[in-house]
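A.B. asks: Given next are the chains, with one letter for each unit.
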Amino acid sequence: MKILVCISKTPDTTAKIAFTDNNRKFGTEGIQWILNPYDEWYALVRAIEIKEKDPSAIIHLVTVGGADCDQVIRKALALGGEEAIRINTEPTDSFFVASQIASVAKEGNYDLIMTGKETIDFNGASVGGMLAALLGMPFVSLAAKLELEGTTATLIREIEGGEETVEVKLPLVVGCQKGMAEQRIPNMKGIMGARSKPLKVVESHPTESLTEVISFELPPAKKGVKMISSDNPEELVKLLHEEAKVI
Amino acid sequence: MSVLIFIDHTEGQIKKTSLEALSYGAALGKSMGVPAEGILLGTVGEDLSTLGKYGIQKIHQVSSESLNQLDSEQFIRIISTVAASSGATVIVLSHTNTGRAIAPGLSAQLKAGLVTGATSLPDLTHGFQVKKNVFSGKAFCTVAIKTPLKIISLNPNTYPVVVGEGTAEIISENIALTPSATQIKSVSMVSGEIPLTEAEIVVSGGRGMKGPENWGPLEELAKLLHAATACSRPVADAGWRPHHEHVGQTGIAIAPNLYIAIGISGAIQHLAGVNRSKVIVVINKDPEAPFFKSADYGMVGDAFEILPKLIAAVKKLKGVA
Chain A
2 MKILVCISKT PDTTAKIAFT DNNRKFGTEG IQWILNPYDE WYALVRAIEI
52 KEKDPSAIIH LVTVGGADCD QVIRKALALG GEEAIRINTE PTDSFFVASQ
102 IASVAKEGNY DLIMTGKETI DFNGASVGGM LAALLGMPFV SLAAKLELEG
152 TTATLIREIE GGEETVEVKL PLVVGCQKGM AEQRIPNMKG IMGARSKPLK
202 VVESHPTESL TEVISFELPP AKKGVKMISS DNPEELVKLL HEEAKVI
Chain B
68 MSVLIFIDHT EGQIKKTSLE ALSYGAALGK SMGVPAEGIL LGTVGEDLST
118 LGKYGIQKIH QVSSESLNQL DSEQFIRIIS TVAASSGATV IVLSHTNTGR
168 AIAPGLSAQL KAGLVTGATS LPDLTHGFQV KKNVFSGKAF CTVAIKTPLK
218 IISLNPNTYP VVVGEGTAEI ISENIALTPS ATQIKSVSMV SGEIPLTEAE
268 IVVSGGRGMK GPENWGPLEE LAKLLHAATA CSRPVADAGW RPHHEHVGQT
318 GIAIAPNLYI AIGISGAIQH LAGVNRSKVI VVINKDPEAP FFKSADYGMV
368 GDAFEILPKL IAAVKKLKGV A
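The listed protein sequences derive, respectively, from chains A and B. Residues in the first sequence are numbered from 2 upward in steps of one, following my numbering. Residues in the second sequence are numbered from 68 upward in steps of one, following my numbering.
Read the hints as simulated data drawn from the structure, not as lab findings. There's no promise every hint is true.
[Stated by the list, open to error] Straight-line alpha carbon distances no greater than 25 Å define the calculated SDA-like cross-link-like pairs of lysine to any residue that follow: (1) B:Lys360 x A:Glu204; (2) B:Lys345 x A:Lys146; (3) B:Lys385 x A:Leu219; (4) A:Lys239 x B:Ile378; (5) B:Lys382 x A:Glu84; (6) A:Lys224 x B:Glu132; (7) A:Lys146 x B:Gly231; (8) B:Lys213 x A:Glu244; (9) B:Lys178 x A:Glu204; (10) A:Lys246 x B:Ser247; (11) A:Lys246 x B:Ile378; (12) A:Lys239 x B:Gly283; (13) B:Lys120 x B:Gly231; (14) A:Lys227 x B:Leu291.
[Claimed, not checked] According to the in silico footprint, chain B covers these stretches of chain A (three or more CB under 8 Å from chain B): (15) 45-52; (16) 86-93; (17) 150-161; (18) 189-200.
All values derive from a computational prediction rather than experimental measurement. By construction, the Cβ of each residue, glycine as well, lies at the ideal position given by its N, Cα and C atoms.
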């Protein structure tokens, strides 16, 4: 069983969002980078759980980005995984990232490819589905459970208004979300061990991106809160009905 | 040339998000000077030709009952085929669980640039630029699609349903179905609840609710307002409420017309998931709770005292005994 976990760095969830370069670029100054929570808590930890049940399983990590990703790659390796591959190029869009990962995935002959359901910065929710299409593999989005029995995977995926239990033969691409696994904290042995695990840097292959970021903007600021006395919920209901017109 | 809009349905009913997508696609078609057409896979209880009132001329239908469940591989195959045969230049879907399952695959297969979570109509003055939600609602990004065929998935509850007049022509598509590698074993629907991403009003509880046994009044208020219930992350993590109710940066991002937060302090991660709500009401006993800064209306006090009075006031407004 060979597993490829796709990881991405994202700004810390408490990071102040600001833009530079005439609002064309995300302002990275003072930003603390973390592993995208969906990649870490669900995709990577579930892969580690699979390996704990089947020690012959091999976990590789892959990311697309520059040397500024190495710190979060080491953090991921501290949790688990035998080696990491960094495709050395700046990601431009989801299709570009999926194409880069697809070339690594083809060479590695993976049985199972896991991603988080989306990144918390660009919220594209696209790389997993695109990667599956590029590799000609089935894709299960928004998976909250994954069980393996030989080469058959049974998954529970979230659908509109409920959930669907599906069965599919490996190889497979899975987009992971809450329910898949529980967040873990790396232990000292993991942190020490991560330093000596191989981090391969490979060059990208030429791919066109299909989209281009033009600019960023922040949402308009709120006008300010109108406080209502807790003795007077009738006033609140009246305001919501007559002023805000939402009830 | 046309705009092709994917129409989603569950349990025989067309989704409200799809009516938004139809209205959006029709407006886009109009500004591009091309017809808007729908595509529906499976069968629904209503007369499809009436969907013409949302501004579409034709509906392509593959009426096999096996397509009433989400079969993403099959969906991608059929939509690709119909997009090619109908000469679509833009495909519109909703950024829902279904959209997430199929839009990326469609994009890669058709080499069509994709923008997920679009929040407004494309700007056609400089190419084809679409505004989307990024940083889980903390910012917007304008993205240009550079390919001839374009795909947009529209965020729920960001574009209004626009009803006009008209009848759509139904075109029955004869497309052979091939078995998918992914086999559906069972489907379980959460019945009786309003899906969070579709709800126009959301009533949400946080740690200030003190325990799962105290959710009764919150649920009563939600029911009165035809609202969905939600919660903050600590509440979901403690198991007081199911995980699918967790809104915030690592849960679901929502954009209802009204968000009522009870006993939620308003950590930045929570705000990220809800700050696109049109109106926010915060009820908290701590006047220093950061959430008040992002609220439109605020009330400082004990939720357990305020809730019964608020319920009574809503009942009075609605004329419910």
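A.B. asks: Confirm or reject each hint.
C.D. replies: Outcome of the hint check:
1. With a CA separation close to 47 Å, the supplied pair Lys360 of chain B and Glu204 of chain A exceeds the 25 Å bound.
2. A distance of roughly 34 Å separates the Cα atoms of Lys345 of chain B and Lys146 of chain A; the hinted pair therefore is violated under the 25 Å criterion.
3. Restraint check for Lys385 of chain B and Leu219 of chain A: not satisfied, since their Cα atoms lie roughly 37 Å apart, outside the 25 Å limit.
4. Annotation: proposed proximity of Lys239 of chain A to Ile378 of chain B holds, straight-line Cα distance about 13 Å (limit 25 Å).
5. Between the alpha carbons of Lys382 of chain B and Glu84 of chain A the distance comes to roughly 61 Å, so the proposed pair goes past 25 Å and is violated.
6. Of the pairs offered as hints, the one joining Lys224 of chain A and Glu132 of chain B is violated, with about 50 Å between alpha carbons and a cut-off of 25 Å exceeded.
7. Of the pairs offered as hints, the one joining Lys146 of chain A and Gly231 of chain B is violated, with about 43 Å between alpha carbons and a cut-off of 25 Å exceeded.
8. The suggested pairing of Lys213 of chain B with Glu244 of chain A is violated, with an alpha-carbon distance near 43 Å, which exceeds 25 Å.
9. The straight-line distance between the Cα atoms of Lys178 of chain B and Glu204 of chain A is roughly 23 Å, inside the 25 Å bound, and the hint therefore holds.
10. Of the supplied pair hints, the one linking Lys246 of chain A and Ser247 of chain B is violated, its CA atoms being roughly 47 Å apart against a limit of 25 Å.
11. With a C-alpha separation of about 18 Å, the suggested pair Lys246 of chain A and Ile378 of chain B falls inside the 25 Å cut-off, and the hint holds.
12. Distance check on the hinted pair: Lys239 of chain A and Gly283 of chain B sit about 23 Å apart at the alpha-carbon level, within 25 Å; holds.
13. Between Lys120 of chain B and Gly231 of chain B the CA atoms are separated by roughly 5 Å; this keeps the pair inside 25 Å, and the hint holds.
14. Distance check on the hinted pair: Lys227 of chain A and Leu291 of chain B sit about 24 Å apart at the alpha-carbon level, within 25 Å; holds.
15. Only when three residues or more bring their CB closer than 8 Å to a CB of chain B does the claim for the segment 45-52 of chain A stand; here the count is 0, and the claim is violated.
16. Counting residues of the segment 86-93 of chain A whose C-beta lies closer than 8 Å to any C-beta of chain B gives 0; at least three are required, and the coverage claim is violated.
17. Figure legend: the segment 150-161 of chain A, annotated as covered by chain B; annotation consistent (5 residues with Cβ-Cβ distances under 8 Å, at least 3 required).
18. Counting residues of the segment 189-200 of chain A whose C-beta lies closer than 8 Å to any C-beta of chain B gives 0; at least three are required, and the coverage claim is violated.
Violated hints for the displayed structure, listed by number in ascending order: 1, 2, 3, 5, 6, 7, 8, 10, 15, 16 and 18.
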